Amino acid sequence: MSAVQARPLAGDKLIVVPYRKVSAAAMATNLVLILLGCFFLLPMLWMVFASIDSNPDWAIRIPSPTLANFADVLGRADALSSFRSSLILAGTTTVLTTLLALLSAYPLSRMHIPFKRPFMLVILFASGLPVSMLVVPVYQMYVYLGWLDSLYTTALFLAASSLPFAIWLMKNFIDAVPVELEHAAAIDGASTFRILREVVLPLTVPGTAVTAIYTFINAWGAFIIPFVLTYSPDNQPGPVEIYNFMGSHGLFKFGDLAVFSLLFSVPVIVLYLFMSRYFSGAFNFGGAVK
Amino acid sequence: MLSEVRFDGVHKIFGAETAVEDLNLTVNAGEFLVLVGPSGCGKTTTLRMLAGLERPSYGRILIGDKLVNNVSPRFRDVAMVFQSYALYPHMNVYDNLAFGMRARGASKDLVAQRVKETADVLGLGKLLKRRPSELSGGQRQRVALGRALIRQPQVFLMDEPLSNLDAGLRVQMRAELSRLHQRFRVTTVYVTHDQVEAMTMGDRIAVMNNGRLQQVDAPETLYDNPANVFVAGFIGSPRMNFVPGRLASSDGRTSVAFLGITTPLGTGSRLTAGASDGEVTVGIRPEDLMWRPAAGPDCTLTLSADVDVVEPMGHEAYVTALCAGETVTSRFPPRSGVRPQERVDLALNPARLHLFDAQSGITILQRPPAAGAETLRSVGEARTNDSAGGRSERHGQPEARRVPSRTEEIS
Amino acid sequence: MAVVGTLGPRLDRERFQWSSLLMLAPGLVLLVVLFLGPVLYAFYIGFTNLALVGSRSRDYSFTGLENVARMLGDYVFIKSSWLTILFVVGSAIVGQSVLGMLLAILLRNAVVPIRIVVGSIVIVAWVLPEITVALIWYAFSQAGGTLSILLGHGGTNFLVLVPMLIVSVANLWRNVAFSMLVFSAGLRNLPSEVLEAAEVEGASAWRRYRSVILPLLRPTIVTNLLLVTILNLSEFTLIYAMTQGGPGIETTTLPIYVYQEAFVFHQLGYGTAISLVLVLIGAFFSLLFVRASRRQV
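Protein chains in written order, with my numbering: chain A, 68 to 357; chain B, 805 to 1215; chain C, 394 to 690.
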C-alpha cells in the first residue's frame, strides 16, 4: 500500500469490504449464542413460571400469577426444617473446611516439609476419588461410632471429603502471594505470627472467600451423603427433601415443588455472583497436570 | 551504630549449582559497597545470605562482631530494598513505612514522628494515604527506600533497586541514593548488574562472576588496574578491546607486539612476577584508541585500520574498525566525517595498554594509578584519588565529590 | 568445587519447623480418620461378603476374589459399566468439552450484551443445586412437558423413551459451564502476539483455531478432559433423582449400582467391590490423560 491515498473513494472500499465480512460472521456467532442461550434458559424458566402459576403443568406456559405457592411452601414445617438442616450442614462444613484448608495450605505453600510433592499429588488424587466409594465404609464407621443421623457428624464427613480440593485451591491462592512480601516483613522485624496476620491473611482474603463459597455451594447441594447418613425427617437437608417430594406424586403440588427448588437455589446463585469477581483465577489450570 | 560486614569463606550451593564459592569480603563500616556482575554471578545470593533469606552452605557471615549464620532476618537489624519493591499492597504508604517500627514495638508517637521525618526526606508527605497501586514507579521506589530508611538499621541492603525505573528517573535516583548515603552513612551493600551504577555510586566495587569474587577496589582502581580479563571487559563501555599479542624481552627492556606493531612498555608500568615472554592478551580501552587527528602528543603509536561501522552517539562516535585482522572499537570525536570502508589512522599511548596472561586472563601489568583520572570523568563524575588502602580516611571527610541534586518534584 | 568436600557438614540443611506440623495437624487428622481410613477400609470391605442386615452384617468374612468372580458373571454389572462409559464419553468427554469450547470461542467473539446474558445463564445452570437440575429436567422431559411439546409429541415421556440420552443431556446442560470457564481462562492466557502474528500472516479464522489456538490450548484441553472425566465418573445425584436407575436398569451407571447393591439389596461387600472398579476406571483415564499431556507441549 502506498502511503498516500489520493482518492478517498478507493480508501472507503478498502475499509468496507472486510467490515461486512466480519459482521456476517459476528451475526452468525451471536445468533448461535442466542439459540444456545434458549436451550439453557428454557428448563430453568419452567421453574420460575411454575412457581407463580396458580395451576402449573410440566410444560412451560404463561402463568396466571399467584403467590399462593410461596405461601404454601413457607407455611410447611418440613420445608422450613429442611432449610434449617441445609444451613447447619453447609455452614458447619464450610467453616471447618475453610479453616483447616487455610491452616494446612500455608505450610504446604511456604515451609519446608519432607515429602511435600508426593503429599500434594495424593491430595490432588484424593479430591478425584468418587464419593460412592466412601459411602459404604463411612456408613459402617458411623454405625459403629453411633454417629448416624446427626447433621454435625455428617458435616464432619462432608468437610473431610471436600478438604483435599479446598487445600489444593487454597495452596494455589497462597502461592500467588509474592514470597518477597513475607521476606520484607521478616526483615522489617515481624514475627511469624505477625506476618501471617498482617501480611498473608489480608492478601488471601479473596482466595479464602472463593474456597469458602465453593465449599458452601457443594455442601448446600450435597445429596448422597446426607441421604445415607441421616434418616429422621427433621435432619433432611433440602436436596433430600426435594427428592422425597419428587417421589411422592400428588402429595406435593407442581407449583410448590417449583417454589421450593427456586428458594433453595437462590442462596447459591447469590453467593456465586458475590465471588465470581474472584473466581476466574480458579480456572487457570493451564498445564496443572504436569 | 556503624557496623562492618564480613563474609568469611562463604559458599552457597543449590543442588548441583555452586552459586557462591569461597567468598571472603569485608564491607567497612559506613561504606557503600556495590556488588556487580552479570546475572547468575551470585551477587543476589550473597545479598540474600546477608539478609538471612538464605543460609550459607559453608563459612561465616558477621555483622558487627556478631556471627549471624543462624540469626533469622528478623533479628539481624538490616533493611532491604527489593528489586520488586515488595510493598505491602493492602496497606497505604503510612502503614508500609510504619510496619517495621510497629513490629519492633515502637510507641505510636515515635512511629508517627519517624514516618513524618522519613516522608519529608523522600518527599512522600502528600502520598501517605495512598496505596502502592495508586503510586507511580518512582514513588513506589521511594516508599521502598523509606521503609528501609525509617528503621535506622545497621546495614542497608539493596537488590537492583533502580532496575524497574525508566532511564531518566534512574539517573536522578542514583544521585539521590548517593546523597542519602552521605547523609546517614549507613553501611550499604548494593547489588546491580549495571556497571554505570557501580562506578558512580560505590565507594568500592566488588565484581563477581560465576560465583567467585573477581576483584574489590575503588572504582578508579578497578578501571585502571582490572585484575583480570573479566573485570576489564565488564567495567567500561564500550567494552575493552582484547587482541592477541606477544611479549619479548631483550637487554632488560620488554616490548609487546600486537596488531602488527611492536612497542616497548610504557614508563611507570611494571610487569608482575608471573609474567614471562610469549603469548599475552593485550587490552585497549576504546577511549585510548583515538583518531589520529584528535590524539595528543603522547599517543606515539599509529595503527592503520579499515572502518566497518560508525555509531554516532551525539557527543562522540563509536567506530568499529578492522585492524590487522582484528575487530577493534574506538571512540571518535562526534563529527570526524569518517565513513565505513574508509581507511583511518588510529593513535595509541603505549602507557595505556593492559596486558593479561593469555591462559589465565590475570593481569601481568601494574599500571601507574594516576593515569585514570581523566577518563573517569567520562564515565561518571570526577573523584578524588582513592585507592584500596585509602578508605579509612573516608568517614571523616564529608565529600563534595558527588553532585547531589534533588530536582524531582514528586507528583 | 572440589574444595567443598573438605569443608565439613553443610550448614544450610533445610530444617523442619515444628510449627508447620502444628498447622497441618488438624487437617491431617480429619483426612486420615474420615478419608484415608474409609478408603483403606473400602479396599478391605470390597473383598468381603459384608451385608447391611442379617447375619452377614456382623459375621462377615474375607472372601478373596469371590466378588470379582461374581461381577464377571453379573449381567447388570456389565451393562452398568457400559452405561457408565457411554455416559462419561458421551456426556462429559465429547458433549461437555466440545460445547464448552464452542461456547468459550463464541462468547469471546460475541457482542457484549449477548456475552453477558448467555454467559450468565450457562453459569447459573452450573451453580444450581443438582437436585434442582434433576427436577427441572424431569419436568422438561415428561409427557406433556416442554420438550415433548416442542418436538410435537405431546404424549411422549422422553425420560422413558430415551432415558440415557436425557440424563446425559441434562448432565451436559448442568456441567458445560465448567469446561467453558476453563477454556475461557485458557484462551485469555494465550500470548496475544502469537494470535496477532497468525492474523497478520493472513490465516483464516478456522485455520487460526485449528493450527494455532488448539495446539497452544493443548495443556488446558488435557486438564479439562481429566477433571471432567473424574467428576462425571462418580455422578450420582442427577441420574438417581431423575430415574433411580430406571426404567429397568436403563440408566443404572456404576455409582447408582453401587448404591443399590449396598443399600437396597444390602450387599455392602459387593457394592464396595464395584466402587473399586470405578476407582480403577478413574485411575486408568487419569493415567491416559497425564501421559497425553506429557507427550509434547
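Treat the hints with care, since some could be wrong.
Claimed, not checked - Pairwise CB distance ranges (calculated): (1) C:469 x A:217: 41 to 47 angstroms; (2) C:600 x A:148: 58 to 64 angstroms; (3) C:469 x A:144: 38 to 44 angstroms; (4) C:600 x A:106: 26 to 32 angstroms; (5) B:941 x C:510: 54 to 60 angstroms; (6) C:436 x A:106: 38 to 44 angstroms; (7) A:272 x C:401: 54 to 60 angstroms; (8) B:1064 x C:590: 21 to 27 angstroms; (9) C:436 x B:812: 54 to 60 angstroms.
Calculated from the structure, these hints are not laboratory results. Please read these numbers as outputs of a predicted model, since none were measured by experiment. Glycine residues also receive a C-beta, built at the ideal position from the N, C-alpha and C atoms.
These are the hints, each one checked on the structure:
no.	hint	result
1	C:469 x A:217: 41 to 47 angstroms	34 angstroms, violated
2	C:600 x A:148: 58 to 64 angstroms	60 angstroms, holds
3	C:469 x A:144: 38 to 44 angstroms	40 angstroms, holds
4	C:600 x A:106: 26 to 32 angstroms	29 angstroms, holds
5	B:941 x C:510: 54 to 60 angstroms	40 angstroms, violated
6	C:436 x A:106: 38 to 44 angstroms	43 angstroms, holds
7	A:272 x C:401: 54 to 60 angstroms	46 angstroms, violated
8	B:1064 x C:590: 21 to 27 angstroms	49 angstroms, violated
9	C:436 x B:812: 54 to 60 angstroms	57 angstroms, holds
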